[in-house]
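So the protein sequences, as listed, match chains U and B.
Read in the working numbering, the first sequence has 847 at position 174, and its numbers run on one by one without any break.
Read in the working numbering, the second sequence has 739 at position 66, and its numbers run on one by one without any break.
It cannot be assumed that every hint is accurate.
To be verified - Capping the alpha-carbon separation at 30 angstroms, the derived lysine-lysine pairs in DSSO-like fashion look like this:
#1 U:Lys822 / U:Lys678
#2 U:Lys908 / B:Lys882
#3 U:Lys908 / B:Lys724
#4 B:Lys882 / U:Lys678
Said to hold, decoys possible - A short list of chain U residues far from chain B (calculated; beta carbon distances all over 10 angstroms):
#5 Arg719
#6 Gly722
#7 Asp773
#8 Gly875
#9 Pro878
#10 Pro911
#11 Ala953
#12 Ile973
#13 Glu981
Simulated from the structure, these hints should not be mistaken for lab results.
Keep in mind that this is a model prediction, so the values were computed, not measured.
The beta-carbon is built from N, C-alpha and C at its ideal position, and this holds for glycine as well.
Residues per chain, in single letters:
Number of protein chains: 2
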Amino acid sequence: MQRVKKILNDTADVVAETVEGLVLASDGTTRLMDGHRVIVRQPSAREAGRKGKVGLLVGGGSGHEPLFSGLVGQGLADAAVCGNVFAAPSPDAIAAATQDIDDGAGVLYVYGNYAGDVMNFDMGAELAGDEDITVRNVRVRDDVAAAPKERIDDRRGIAGDLFVVKIAGSACESCDTLDEAWRITAKAEANTRSIGVAVSAGSIPETGKPTFELGDDEIEIGMGAHGEPGVSRQKIGPADAVVDQMMAALLPDLPFERGCEVALLINNLGASTMMELLIANRRIRHCLDQAGVGVHRTEIGHFLTTQEMAGYSITLLKLDDELKHHLDAPARSVAYSRG
Amino acid sequence: MQRVKKILNDTADVVAETVEGLVLASDGTTRLMDGHRVIVRQPSAREAGRKGKVGLLVGGGSGHEPLFSGLVGQGLADAAVCGNVFAAPSPDAIAAATQDIDDGAGVLYVYGNYAGDVMNFDMGAELAGDEDITVRNVRVRDDVAAAPKERIDDRRGIAGDLFVVKIAGSACESCDTLDEAWRITAKAEANTRSIGVAVSAGSIPETGKPTFELGDDEIEIGMGAHGEPGVSRQKIGPADAVVDQMMAALLPDLPFERGCEVALLINNLGASTMMELLIANRRIRHCLDQAGVGVHRTEIGHFLTTQEMAGYSITLLKLDDELKHHLDAPARSVAYSRG
């Protein structure tokens, strides 16, 4: 099979060059740590006059740009640690980033719930603990298709990362203690649910090969962010039917009850058209209306991608006044600027 | 050939459903005009207490989402008029939108320089003139590959639309007269240059067929926003060589002289990975450094797409203090929120 055509230099350099390009795209608001693929906010909170701020470190495998590296900035993360493509960042890099951003109040880690990330972030925290830095974790487990609700710790993190990092960013900016920032962020994570649909696979830059194959008339519901198998491979149907099926899995899971208010995210996995996402949005809103669920805020676009995978995911975050406050707080980064 | 796989309902309804989804994604900040595919800011400037504001109407063919429809909002356009896929909006819809947003100070039109758009916006302006509404135009002609500089009126509008609309939005918000808003917007347009590279074609939803074919190892430099032929079809080379070639066409065209400062936009045409755009950004910055050109602000992501075309365009806008002020002014819409 032909390699998927992409405009790259040496494929061995994709992550180093991506990180370099991201820092340049931030127009001076981030820098790269010496010796590590860690993107750090610049000026730091301390340099900007905010002493003793709770640190926020995010990260995971590369290849999902603009997450996580595009979420470093004011009201968002203090640093992002970037692994190789679809691979967890190293414990050393995590520990170095933790030391860089800690200002005495401790550091909150937010990352997707994948075995490699869990292991390496835990080892990074241990290394940082040797330097007397307190660390707490929020692991995002929003993908309802990854495991049944009873085994929520087996669920993976997908686009819901965006909402959890956004709220963590505001909480770490405004809370006096790591425990309080953790409490708010953990609540956001617990209230977030997502499900995806894949239309075609993405490819890994080094191999140039798609990570799976779908038939010319097939889609897959519940596909993971690296091409992990979903819950249903099926003939492609009308958009409204696809959305209905996804919403039927999403709404009862938390559950999102009549009268509640949510933030809605429709995330492009890569190559789908904005048209398809907007067409889905009509039907999502119809389903939410039917369920008596209100929408406080909509985000639609590319946030967590799987290279050039075609498809999208739907994320709902159930809000209360506290979460709404932190979701709406100002933020500024390469991938997310609001307020 | 198999239809390109997309998650749609009836393909005859794509534009109506896209517009509906866009309005819903705006969380109450836009509405749809009765009887027309026109997205209008809500509350209007007048309803928000800004009387006698110069109106800003943007628009063009659909299929390029999030432009133009995603640029309606505070600090941006008062309305966007949406044609069929890759087809100019009707004079009737343009005239109706003009009447809806005029508050006595006249209306500025900003749109891409395509024969169909020019004809229909001119006819719309004539109809609006019958109602004693003054209209002025800025036609975006940023694509350096579309025609030689001597025939700049034959050049098409591509992603540079974003910068021109952003500056027009701020100018129409703050200027007392249509002539003054036009002057600033026309300067922005005159200072904007773009060039694109296509890796693969997009398809039209109704036919499901790609608009052109490229070989498995080919790219095309200068491809237009609807798949119009570019200046060079060639074997794909390293990213740095592709960028060097594009910058060599871009920099001397205005020209962007040593010591000047620009805003930089790297626009994803649809299906390219963010990784490719970030990798390009490194080299673009290298070329700009070599040319002694400084970067005031970088935008990177999906702004003007050609369905699922893979590829990207590079846009430079030469800034002065006035343009910088309007570029940096706050804005809020589905596709663009800053400050």
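So, going through the hints one by one against the coordinates:
no. : hint                : verdict
1   : U:Lys822 / U:Lys678 : 39 angstroms, violated
2   : U:Lys908 / B:Lys882 : 20 angstroms, holds
3   : U:Lys908 / B:Lys724 : 54 angstroms, violated
4   : B:Lys882 / U:Lys678 : 19 angstroms, holds
5   : Arg719              : 24 angstroms, holds
6   : Gly722              : 21 angstroms, holds
7   : Asp773              : 22 angstroms, holds
8   : Gly875              : 8 angstroms, violated
9   : Pro878              : 7 angstroms, violated
10  : Pro911              : 5 angstroms, violated
11  : Ala953              : 7 angstroms, violated
12  : Ile973              : 5 angstroms, violated
13  : Glu981              : 5 angstroms, violated
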